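**Student:** Following the hints, put chain B in place on chain S, whose structure we already have.
2 protein chains.
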Amino acid sequence: MEEKCISNSRRCYKQWFGFMVLIMSSCVSYVDAVWPMPQMISSSMARYTLNPREFLFQYSSGSSVQSGCSVLDSAFKRYFPLIFTDYSAARPRQHDEWFRFPFTVVVHVDRAECEDYPDADSSESYKLSVRSGQAALRAETVWGALRGLESFSQLVYQDDFGEYFVNETEIEDFPRFQFRGILLDTSRHYLPLHAILKTLDAMSYNKFNVFHWHIVDDPSFPYQSSTFPDLSSKGAFHPSTHVYTQIDVKRVIAHARLRGIRVLAEFDSPGHTQSWGEGQPGLLTPCYKGTVPSGTFGPVNPANFSSYQFMSRLFKEVTSVFPDSYIHLGGDEVDFTC
Amino acid sequence: MEEKCISNSRRCYKQWFGFMVLIMSSCVSYVDAVWPMPQMISSSMARYTLNPREFLFQYSSGSSVQSGCSVLDSAFKRYFPLIFTDYSAARPRQHDEWFRFPFTVVVHVDRAECEDYPDADSSESYKLSVRSGQAALRAETVWGALRGLESFSQLVYQDDFGEYFVNETEIEDFPRFQFRGILLDTSRHYLPLHAILKTLDAMSYNKFNVFHWHIVDDPSFPYQSSTFPDLSSKGAFHPSTHVYTQIDVKRVIAHARLRGIRVLAEFDSPGHTQSWGEGQPGLLTPCYKGTVPSGTFGPVNPANFSSYQFMSRLFKEVTSVFPDSYIHLGGDEVDFTC
Chain S
1 MEEKCISNSR
11 RCYKQWFGFM
21 VLIMSSCVSY
31 VDAVWPMPQM
41 ISSSMARYTL
51 NPREFLFQYS
61 SGSSVQSGCS
71 VLDSAFKRYF
81 PLIFTDYSAA
91 RPRQHDEWFR
101 FPFTVVVHVD
111 RAECEDYPDA
121 DSSESYKLSV
131 RSGQAALRAE
141 TVWGALRGLE
151 SFSQLVYQDD
161 FGEYFVNETE
171 IEDFPRFQFR
181 GILLDTSRHY
191 LPLHAILKTL
201 DAMSYNKFNV
211 FHWHIVDDPS
221 FPYQSSTFPD
231 LSSKGAFHPS
241 THVYTQIDVK
251 RVIAHARLRG
261 IRVLAEFDSP
271 GHTQSWGEGQ
281 PGLLTPCYKG
291 TVPSGTFGPV
301 NPANFSSYQF
311 MSRLFKEVTS
321 VFPDSYIHLG
331 GDEVDFTC
Chain B
1 MEEKCISNSR
11 RCYKQWFGFM
21 VLIMSSCVSY
31 VDAVWPMPQM
41 ISSSMARYTL
51 NPREFLFQYS
61 SGSSVQSGCS
71 VLDSAFKRYF
81 PLIFTDYSAA
91 RPRQHDEWFR
101 FPFTVVVHVD
111 RAECEDYPDA
121 DSSESYKLSV
131 RSGQAALRAE
141 TVWGALRGLE
151 SFSQLVYQDD
161 FGEYFVNETE
171 IEDFPRFQFR
181 GILLDTSRHY
191 LPLHAILKTL
201 DAMSYNKFNV
211 FHWHIVDDPS
221 FPYQSSTFPD
231 LSSKGAFHPS
241 THVYTQIDVK
251 RVIAHARLRG
261 IRVLAEFDSP
271 GHTQSWGEGQ
281 PGLLTPCYKG
291 TVPSGTFGPV
301 NPANFSSYQF
311 MSRLFKEVTS
321 VFPDSYIHLG
331 GDEVDFTC
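Quick note, the sequences are listed as chains S and B, same order. The first sequence begins at 1 in the UniProt record's numbering and counts up by one. The second sequence begins at 1 in the UniProt record's numbering and counts up by one.
Bear in mind the hints are in silico, worked out from the structure with no lab data behind them. Note that this is a predicted model, so its numbers are computed, not measured.
Since the list gives no way to pick out one identical chain from another, each pair is judged satisfied if it fits inside one copy or across any two copies.
Simulated pairs of lysine to aspartate or glutamate, DMTMM-like, Cα-Cα distance not exceeding 25 Å:
1. Lys127 x Glu140
2. Lys250 x Asp201
3. Lys234 x Glu54
4. Lys250 x Glu115
5. Lys250 x Asp230
6. Lys127 x Glu113
7. Lys250 x Asp116
8. Lys234 x Asp248
9. Lys316 x Asp119
10. Lys250 x Asp119
11. Lys316 x Glu115
12. Lys198 x Glu115
13. Lys198 x Asp86
14. Lys198 x Asp248
15. Lys250 x Asp324
16. Lys234 x Glu278
Bound conformation, chain S alone (with noise of 0.2 Å):
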């Protein structure tokens, strides 16, 4: 069933020139999506070889952080499996691997803030210029420098004989919307803490910068809290397995961290507090049917004084735990017809 190719037919030239378009279009090829689009971004045609072997991260010299720094120590660990996505270094060395193609990121920060947090004041701006043999990426903060490093790992790319490239690339970058956030409601339903992290990650990939964690709510109080352990011992969906420990929070919040994104959590308060009524007996104001209690509750009863200290410790835990500048207090959808 083969056809063959009869030299000077009109058929063979338009195989020939499709196998013509073929190879052009394969040594031009280039990622030309960074995501989410930069603020300004230009690239050429020229493109250059990265050897896994042969690739590093740097700190320059005049950087305000150096090895050691935790964010970025991470990150330069992280990123390389993302940007050398199936290289495995336990293959056997290929004799023309060493010494070919050195690259090198070398990366600058302004200001010394390893082991803050982002705020929502961070700047995030960057700017990378991608050349022969080196990427420089500058930035002010290390919360930058994380978005440029995403921006040089989804310029690599792979040719069908599985080599990696990247070409000559400028970019100057800084974020549309400061507030880039994503809500888990962890209330009505339970995320296991791999969940959350992954989410993390995939937010990372994406640029988003918020992690909005509305933990509890009516439905159930995964929350553990080391004030009130009633709270989840009593309002988890399971006490033991279907709760965030300290230890998980303060996981989420290290992750989170790591990869630029501020951990806003809402307790939502004092209506969607149903869940919140199971370990703390007297906080909801009890629903009345003519002059009998009938059993079911409505939002934190703010007619006891109890109810205020109640909160005002709660909350002063939830801030010593959640190193933001902010609470979100949810508010919304307070029913007042009990």
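**Tutor:** For chain B alone, coordinates are given in the frame of chain S:
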């Protein structure tokens, strides 16, 4: 090809007898192997059904540690799925599962040391008494309580229908050997973080309590020192991927602590330090061929004052990073031929 059982035949009797033995053996089945074997264990044929939906961990009212104790809160969360291995809360609720066979593991700990690290003198003794509806676990320390939870988890078994059981049991236990270690060599073969964490998990199932981390050696220096970053940037198999960042090290120490495991770091010296020389020129003793340096090196150079300064600064960092009261200095196989 099927053989039938004909009434009153000898063969039929044997089949029937075999069936009865099977039934009886399934009636008396229980776990009689807790590993490692406790100092004292006794159990009876009385067995109690466990219902995952009505199973709780609790602190006894008189216990020195209560909810908010990081080590035990985390352990409760971890052991639930280890005990109920194929339980899923997502499975539709069976009507008869509710309120039947409630069971509580009540934990009592004498000393409040939840945020400490286990050390060479930590008591790991515990007493476990499993009765109808309740297991009482008493320990001097949270580390002992961890060992007791491990034993309890090993006592639970499933029958052929998937129901969970535990037999009436009394255990009094303390370790025969105070130091029960596993050594991992991450210099000759770099182990990714998750492999170390899984090893720590496996250690806890076997009640091991020391992770001897042979972290550096001749072939590579994966420890990312904040004082001497070149040690890993030049001495590791790869400066970004085959290193343990400070965050990684903290993660290992925290993971180990929650399982009652000490992290005993070994920085083998003054021999076994070839990889140290890569990032710290002048540290190693140069070897000679006649009067000419041969280009090879021996151990850390004892004739240089700078060697002592370097070692002092490195170990100052190491002792502040690793909280254990011991650091292992190696000291083996120092080559004097150079």
